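Undergrad: This is what each chain is made of:
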Amino acid sequence: MTTAKHTLVALVEDRPGVLNRVSSLLRRRNFNIDSIAVGHTEQSNLSRMTIVVEGDDAKVEQVRKQLDKVVDVVKIVDITSNESVARELALIKVKSTASTRNEIIQIVDIFRANIVDVSSDSLIVEVTGDEDKVNSLLDLFRGFGIREIARTGRIALTRGGAGPLQVEESKEVKAPKQQLKVPPSEAESPPDW
Amino acid sequence: MKKTGAQILCESLVREGVEVIFGFPGGALLPLYDTFPQYPKIRHILVRHEQGAAHAADGYARATGRAGVCLATSGPGATNLVTGIANAYLDSSPMVAITGQVARPFIGKDAFQEIDITGITLPITKHNYLVLDANDIARVVKEAFYISQTGRPGPVLIDIPRDVFQQEATFAYPERLNLPGYKPTLFGHPAQIKKAAETINVAERPVIIAGRGVIISKAFAELKDLAEKAQIPVVTTLLGIGCFPETHVLSFGWLGMHGMAYANKAVYDSDVIIALGMRFDDRATGVVSSFAPQARVVHIDIDPAEIGKNVRVDVPIVGDVKNVLEALNQQIVPREHLDWFNQVDKWRDEHPALVIRESEACLPQYVIRQIYEITKGDAIVVTGVGQNQMWSAQFFFYDKPNSLISSGGLGTMGFEIPGAIGAKVGRPDDTVWCIAGDGGFQMTVQELATIVQENLAVKIAIINNGFLGMVRQWQQLFYGRRYVHTPLSGPDFVKIAEAYGVPALRVTDKKLVVSAIEKAMNHEGPFLIDFVVEPEENVFPIVPPGAALIEALEMPSPEKVARSSK
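Chains as they are written, first to last, in this note's numbering: chain A, 433 to 625; chain B, 25 to 590.
Chain A extracted, bound-state conformation (with noise of 0.2 angstroms):
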């Protein structure tokens, strides 16, 4: 199997700790993250994780399912193979003179970003993209020179409507035995494993 970066989506509880109980699952099954985002989301209880993984289809399955077993984790999806819409942010701080402000400010007007500081000898420069565009302005940018460069890592939203990761007002389930009463159809597709 080959090794690509998987994007998995990961709704889960705005607790403290959730965080740390994702990545150190993921250091546990000796994955190495790309990148992690995690931000607010329209529902006032959770949050939404972008998580960036390098494998193969097996093992990153076997993660995500993994990850599902998490109580915190509400909900994951790999959505890589999924019509989406991806994007980061990086702040970069390239070294500038007189003499090479000029070309700098070319470079970024082509890639659409923007200059939010300037001073004697360095620019920082904010731009927005997929992980491709971001890569080439920085490539761009060695020649000058890189000082700092903060970038956030990839969010992503499905593409189309309903997205495979809504979900809907958490439901409370009567205890002490939560037994699914009617078991499922044979016309619904079957879940993933």
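Since the hints were derived computationally from the structure, they do not count as laboratory data.
Note that the coordinates shown come from a computational prediction; the quantities given were computed from them, not determined experimentally.
Hints may contain errors.
Here are the simulated lysine-lysine pairs, BS3-like style, with alpha carbons at most 27 angstroms apart [unchecked claim]:
#1 B:Lys333 to A:Lys491
#2 B:Lys543 to B:Lys424
#3 B:Lys333 to A:Lys507
#4 B:Lys346 to A:Lys501
Anything over 12 angstroms on all C-beta distances counts as not near chain A; from chain B, calculated [unchecked claim]:
#5 Glu43
#6 Asp58
#7 Asn104
#8 Asp187
#9 Gln394
#10 Tyr396
#11 Phe421
#12 Gly490
#13 Arg506
#14 Tyr524
#15 Val526
#16 Leu529
#17 Ala571
#18 Glu575
Anything over 10 angstroms on all C-beta distances counts as not near chain B; from chain A, calculated [stated by the list, open to error]:
#19 Ala469
#20 Arg544
#21 Leu572
Yeah, the Cβ is synthetic: ideal placement off N, Cα and C, and Gly gets one too.
Dock chain B against chain A, hints included.
TA: Positioned in the frame of chain A, the structure of chain B alone reads:
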């Protein structure tokens, strides 16, 4: 009405039906222990080391099927629970561990007896909690017991700071739970069940591998139904022993590194494997690339992450084994596989694993077999880890579930004595035999004081060979017989037992084994027998590391044994 956090905790435990807690007090728990006398319904058993509390809670859970509860103070008390919690985690035992914590203003400041136990137990608990407000205690307790006992069971830890025990709050036990991220799948998908039935109905050489999931799910009748309807040989994992009566004609023992050669052969040659509530652990499969190479695998398990983790699966079904089998059995066509059955039966005759070799010496296998004969198999056997564990599984026939209690996944030496305590407390009317190695015995020997304090009639058999047996065996077979740090000296076990108040005797002569066991059985109360056995006896069969299940080394012939012990 206002109650303190400690009172709320006790009320909540009573609501959950908790009858016994295994614990050890400490500074952070003072407010809680001060409250216990107000709740006489909860029996507290004082252990001598928190590891004993955790293992006892685990043994209790395995014997009764309900969550075992252990309690320890902050810092070292909590860290002493870690091994026991990990043990419960790997064998899917329901457990709720409660730890005291330093008062809230001190958390994170390296205070006296402060430790980040929630951080430490993250990888070995199903879930854990740090309770920062007494108003949360009732909800947390309810959630903890629910999570611990449902789906694939496992340990849950609740960490409560000292000042939260003292904080006053209104007690209201929640009616409902709200856990959007925890929804175990209990019923298998009908399309998958249909596919499984189709696969099984055309199988020529099917084998059922039944694991601990069958015991947890209480799917004994459904398993028997399936096996008898389609006449399928049943093999269990080590932890599945007892889910199918070992005296049944379709029972073919257990598979794995030290399993029966005929069980391993049946699995290797099968064309359909029906895996029930087992996880294809490396001890059960041997080298995975050679595991059941011709078989289509039907895997039924409540934990979706186990399906496809180690072995490629053709028909996965996520669900509770009992529910899935109920639905599946209706679609199974009654059939016989006479040729296949006769083949596996023939292998059983050709590779008998259960023959005790002729010897004048006091053999450990003989001791175990005599315990079986005298109890007539009507006992709970709690084992240590290593050779004593394997012989206990091989030379005793288990017809009832939860009659063999053994640390499989973590393989924790020292589990035996506290595990036996928990089992006896959970099932006081059953005979409990604790089979200990001399190494494991010394790890938790202090719990003999607990046995005497509670007057638990646990019968203890030490299989004393003066070695760390299993490691010595590997050194003999694979490391050129270089016994590095495996000869194990020990005290006079009889004197130790008597010093604790447990009557004991030593057996060195084979002819005195039976009478010693009878004496122990007839004695009311705990009893210990130090069986001094043949020192360099080995467990056979053994599948060497990196080998396939059918490459097991079997018991060498008597002449070979005589030559190698020189």
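Undergrad: Which of the listed hints are not met by the structure?
TA: none
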